[in-house]
Amino acid sequence: MEFTQFLNELWIARGALWQGLQLTIAVSVLAIVLGTVLGLFVGMVLVYAWRPFKLLVRLYVDFIRGTPVFVLVLASFYILSVIGIQLTAFQAGVLAITVFCSSHVGEMVRGALQAIHRGQTEAAMAIGLTFRQTFQYVLMPQALRQILPTWVNAATEMVKASTLLSVIGVAELLLSTQQVISRNFLSLEFYFFAGLIYFVLNFSIERFGRHLERRLAVY
Amino acid sequence: MADPLLVIENLHKKFDHLEVLRGVDLRMNGGDVVSIIGSSGSGKTTLLRCVNLLEDFHEGRIVVDGQEIGYAVKGGRRVRLPNSIVARHRALTGMAFQTFNLFPHLSALGNVTLGLIRVRGMKKDEAVAIAERWLDRVGLLERRNHYPGQLSGGQQQRVAIARAIAMNPKLMLFDEVTSALDPELVNEVLNVIKDLARDGMTMLIVTHEMKFAYEVSTRIIFMNEGRIGEEGPPSEVFNNPKTPRLAEFLKNSSF
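Protein chains in written order, with the numbering used here: chain A, 77 to 295; chain B, -2 to 252.
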């Protein structure tokens, strides 16, 4: 009986949950994409930049990595508005997770670039490639291949981190679920349902990552 | 007489306080095959790497095919040229490394075409045609789609040689190209180099393979403590060493 009641409530709540899911996906995809792009830049700076610039970015990475994402979310929503930067809750949330993602991707890229044998750069330069070309055609493809497994892991972390946006009022999947529960009190069922959706999301990311790994596993 | 293809004058190179090259002078004409022999730490590899500008040098000049490479004198001071020009100078010479250094994410064909497309600015078809011709020349045409990880050491080194030569360098540099190979794979690589020598390729070779150096070279250079200790035609250098240091080196080398 209770299960049919749950299905009934689920049907009623479908619009709100669907919107919540869409927001979760939007936040996650934006943060992962922007965070990865920024992270590639961070990684490059950590390896190749002029020393003072390198130290500055090192400070950024260590600071962000040492701060709970929850605090980052609150800070980007409340503190930025204090200094006059008005962001919507959605923008502030995406910013916080992007920054978080970039610090992790940055460290991965740094590690991967530094692990590439010096001979690769020398061989590229010996055939006359410029540094930019060496980076683009020789080093980066190898680094990206190298970071793929940990990057997939980080991507799933970002999906999980997106739940923290519920505290600043972004009606992503978790907050939508809580709102639905406040109406029908089926907390166990709906939390379980939300958990299942998060699992499916992250499982899909992992499968996709495996698929990429297999496709790239030529060497 | 034609201008020399390679001129090295008074080359000095230091690593911190250790002076590895202490005034090397060398001239090579087109078609010369010069092998550099000498014990570890004598500066052979450093000399080669300076010619490819993989190492900075502190004094002296290197001229390849009439162009002074790497440095210029501006306002009475010696300055290193910008990286874009250095990259162009590097492309005058081709280099094969001890550890092959093939790009693991590219196939044999991709390794050879990368420079043709990105440095020489060729269209893909044209680059592939040239790459295939050189892969055929080193006996690996049928492996063109294999990745380095799928090739033996000897095959990898042959692809690396094809990659360097396809760029049509004025001068080929070989840095102990057989040192990392299993003994049974050494000859396939040496045969490729001999084949190139017969074609008139100008080559500067650092090697520990004395028999090979004897057979392939027009001239042998014995490096000792950062200087050229002795030089001459192979028969002379190997059979009548003039310095006790070379005599001792040859005695301890397998020949």
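Hints may contain errors.
Unchecked claim - Reference listing, derived: stretches of chain A covered by chain B, where coverage requires no fewer than 3 residues with Cβ under 8 Å from a Cβ of chain B: (1) 198 to 206; (2) 214 to 226.
Stated by the list, open to error - Partial list, derived from the structure: chain B residues whose beta carbon lies under 8 Å from chain A: (3) Lys11; (4) Pro101; (5) Leu111; (6) Ala161; (7) Asn165; (8) Tyr211.
The hints are simulated quantities; they were obtained by calculation from the structure and are not laboratory data. Don't be surprised by glycine CBs; every beta carbon is placed ideally from N, CA and C.
Restraint check, 8 Å cut-off on beta carbons, for Ala161(B) near chain A: holds, 7 Å
- Restraint satisfaction for Lys11(B) [CB to CB of chain A, less than 8 Å]: violated, 20 Å
Note to self: Just to be careful: measuring from the Cβ of Asn165(B) to every Cβ in chain A, is the smallest value less than 8 Å?
What the structure shows: Violated, because the Cβ-Cβ distance from Asn165(B) to chain A comes to roughly 11 Å (cut-off 8 Å).
* Evaluation of the interface hint that places Leu111(B) against chain A, nearest CB under 8 Å -> holds, 6 Å
### Query
How about the segment 198 to 206 of chain A: do at least three of its residues have a C-beta closer than 8 Å to a C-beta of chain B?
holds (count 9)
Measuring from the C-beta of Pro101(B) to each C-beta in chain A, is the shortest one below 8 Å? Pro101(B) check passes; min Cβ-Cβ to chain A is 4 Å, inside 8 Å.
Item checked: Hint check, Tyr211(B) versus chain A [nearest Cβ-Cβ separation less than 8 Å] -> violated, 27 Å
Practice item. Check, residue by residue, whether the segment 214 to 226 of chain A contains three or more positions whose beta-carbon lies closer than 8 Å to a beta-carbon of chain B, and give the verdict. Key: With 4 residues in contact (Cβ-Cβ under 8 Å with chain B), the coverage given for the segment 214 to 226 of chain A holds.
The structure is inconsistent with the numbered hints 3, 7 and 8, although it conforms to all the rest.
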